[in-house]
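From just these sequences and the hints, can you work out the full model?
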Amino acid sequence: MKTRTLELAVGGFLIAGLLAFAFLAIKVSGLTFSAPADSYLIYGKFENVSGLTVRAKVTIGGVLVGRVTAIELDPESYSARVEMAIDGNVKGLTTDTSAAILTSGLLGEKYIGLTPGADEEMLAAGATIRDTQSSLVLENLIGKFLSNQLNKEPTE
Amino acid sequence: MAEQRDLLSRVAGLGAGALEVIEATGRAGIMLFHSIATVPNPRTALPLLAKQIYAIGVLSLVIIVVAGLFIGMVLGLQLYRVLVDFGSEAALGQIVALTLNRELGPVVTALLFAGRAGSAVTAEIGLMKSTEQLSSMEMIGVDPLRRIVAPRFWAGVISMPLLAMIFTAVAICGGWLVGVEWLGVYDGSYWSAMQNSVEFGEDVGNGIIKSVVFASVCIWIAVFQGYDAEPTSEGISRATTRTVVYSSLAVLGLDFLLTAVMFKGF
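Residue numbers (our numbering), protein chains in the order written: chain A, 13 to 168; chain B, 21 to 286.
Worth flagging that the hints you see were computed from the coordinates, not collected in a lab.
Be aware that a few hints might be false.
These stretches of chain B come out as covered by chain A in the derived footprint (C-beta under 8 Å, 3 or more residues) [stated by the list, open to error]:
(1) 65-78
(2) 107-118
(3) 185-197
(4) 215-227
Cross-link-like lysine to any residue pairs, in silico, SDA-like; alpha carbons within 25 Å at most [as the list claims (entries may be wrong)]:
(5) A:Lys39 - B:Lys71
(6) A:Lys14 - B:Leu27
(7) A:Lys69 - A:Ala130
(8) B:Lys71 - B:Tyr206
(9) A:Lys14 - B:Lys284
(10) B:Lys284 - A:Gly63
(11) A:Lys57 - A:Val77
(12) A:Lys39 - B:Val82
(13) A:Lys39 - A:Thr65
(14) A:Lys156 - A:Gly138
(15) A:Lys39 - B:Tyr206
(16) A:Lys69 - B:Lys71
(17) A:Lys39 - B:Ser209
(18) A:Lys69 - B:Phe106
(19) A:Lys57 - A:Gly24
(20) A:Lys122 - B:Lys71
(21) A:Lys122 - A:Glu132
(22) A:Lys122 - A:Leu162
(23) B:Lys71 - B:Asp163
(24) B:Lys71 - B:Ser155
(25) A:Lys69 - B:Gly208
(26) A:Lys39 - B:Val128
(27) B:Lys71 - B:Asn61
(28) A:Lys39 - A:Gly24
(29) B:Lys284 - A:Val66
(30) A:Lys103 - A:Leu53
We treat Cβ as the ideally placed atom computed from N, Cα and C, and that holds for glycine.
Here's what the structure looks like:
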């Protein structure tokens with residue numbers, strides 16, 4: 013084998029490997045090189061966040077505006093404190109914005125839906141949303157439904 | 021009396037076997053240390069390395085690409101059948117990408133690598149030993165560990181992670197081909213479900229770390245089995261078989277350990 017063809021083949025192989033790496037980084041794991049600085053943090057206190065994960069979507073009217081960056085337990089109220097990074101371009105979040113944990117589809121992933129209110133004042137970075145709606149737990153719903161049915165029966 | 025002697029010789033055999041294993045491990049470690057613990061001269065080492073990357077990496081490309089394509093297509097086909105029952109075929113991309121990045125990519129590549137490249141390396145070095153090329157090299161003052169073993173070792177360590185990434189990328193495209201082009205999963209949800217769930221460091225990075233570990237172990241076993249082979253035709257045949265068997269077992273065992281350490285969050 014001539015040295016030149018050998019070097020060409022090895023070089024092509026190394027480049028193919030690097031291209032595969034780039035594909036895995038950008039197309040598969042969705043890595044972007046935009047600075048994370050142009051986003052701000054807001055917090056939400058939820059009674060129940062079951063099923064919500066870090067990196068879950070935060071949406072307004074179904075449009076992606078941010079991601080959940082951390083979920084921790086508030087040691088005083090025993091409620092969940094969810095940290096959300098919101099895209100810096102989204103500025104119209106009023107202080108009476110409400111946040112709800114929603115499910116895409118019946119069995120899909122959980123995400124946070126924000127609904128801006130009508131207040132004049134805007135949420136500052138680091139502010140906490142008080143008006144929240146917890147994650148829907150199917151088992152609790154079914155349990156309530158069953159107990160309602162059982163309570164109804166004797167009256168009929 | 022005869023029974024006792026029989027039992028005694030069996031126990032002795034057991035001990036001898038264990039000693040043999042420990043001794044072989046020691047020889048393997050010393051060989052690896054002597055071959056890679058020296059600073060190579062880039063003038064002579066780079067052409068040798070390029071030649072070995074060609075033999076070990078480039079020539080393995082075909083089997084890796086074909087295997088990756090078909091494994092990805094089978095994953096797409098099988099997962100679609102199950103997922104469509106729950107109406108969640110949009111998660112196809114996510115499952116395909118996670119399984120490939122975390123497990124299948126590094127492991128299947130390592131198994132194919134052991135069969136395709138590891139066995140060839142063992143047979144080559146074993147034959148060099150049996151035709152006394154290694155000892156004649158020593159005679160003229162060339163260290164066979166640096167000249168023969170080191171380039172093959174580094175070529176394996178460099179090639180296999182690249183092969184594993186190519187395998188994963190091709191397999192994800194194979195899954196896309198079947199899921200999106202053939203079975204009609206929505207193209208946007210295939211990629212977006214994937215990007216939402218695959219974390220670069222956690223999944224892609226750990227997969228690459230895995231394949232580097234597998235590469236070192238596989239190529240180490242291959243060069244050692246060749247270097248340590250009995251210089252007869254049966255000896256080389258046994259060494260080649262041992263390379264494939266030991267490498268496969270080591271890869272599967274290590275994969276369990278690495279997964280347990282890396283993905284504790286489950």
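Each hint tested on the structure:
no. : hint                : in the structure
1   : 65-78               : holds (count 7)
2   : 107-118             : holds (count 3)
3   : 185-197             : holds (count 6)
4   : 215-227             : holds (count 7)
5   : A:Lys39 - B:Lys71   : violated, 32 Å
6   : A:Lys14 - B:Leu27   : violated, 62 Å
7   : A:Lys69 - A:Ala130  : holds, 23 Å
8   : B:Lys71 - B:Tyr206  : violated, 44 Å
9   : A:Lys14 - B:Lys284  : violated, 49 Å
10  : B:Lys284 - A:Gly63  : holds, 18 Å
11  : A:Lys57 - A:Val77   : holds, 19 Å
12  : A:Lys39 - B:Val82   : holds, 23 Å
13  : A:Lys39 - A:Thr65   : holds, 22 Å
14  : A:Lys156 - A:Gly138 : violated, 36 Å
15  : A:Lys39 - B:Tyr206  : holds, 16 Å
16  : A:Lys69 - B:Lys71   : violated, 49 Å
17  : A:Lys39 - B:Ser209  : holds, 13 Å
18  : A:Lys69 - B:Phe106  : holds, 22 Å
19  : A:Lys57 - A:Gly24   : violated, 53 Å
20  : A:Lys122 - B:Lys71  : violated, 52 Å
21  : A:Lys122 - A:Glu132 : violated, 30 Å
22  : A:Lys122 - A:Leu162 : violated, 31 Å
23  : B:Lys71 - B:Asp163  : holds, 18 Å
24  : B:Lys71 - B:Ser155  : holds, 22 Å
25  : A:Lys69 - B:Gly208  : holds, 16 Å
26  : A:Lys39 - B:Val128  : holds, 22 Å
27  : B:Lys71 - B:Asn61   : holds, 16 Å
28  : A:Lys39 - A:Gly24   : holds, 21 Å
29  : B:Lys284 - A:Val66  : holds, 16 Å
30  : A:Lys103 - A:Leu53  : holds, 12 Å
Consistency note: the structure conflicts with the earlier hints numbered 5, 6, 8, 9, 14, 16, 19, 20, 21, 22.
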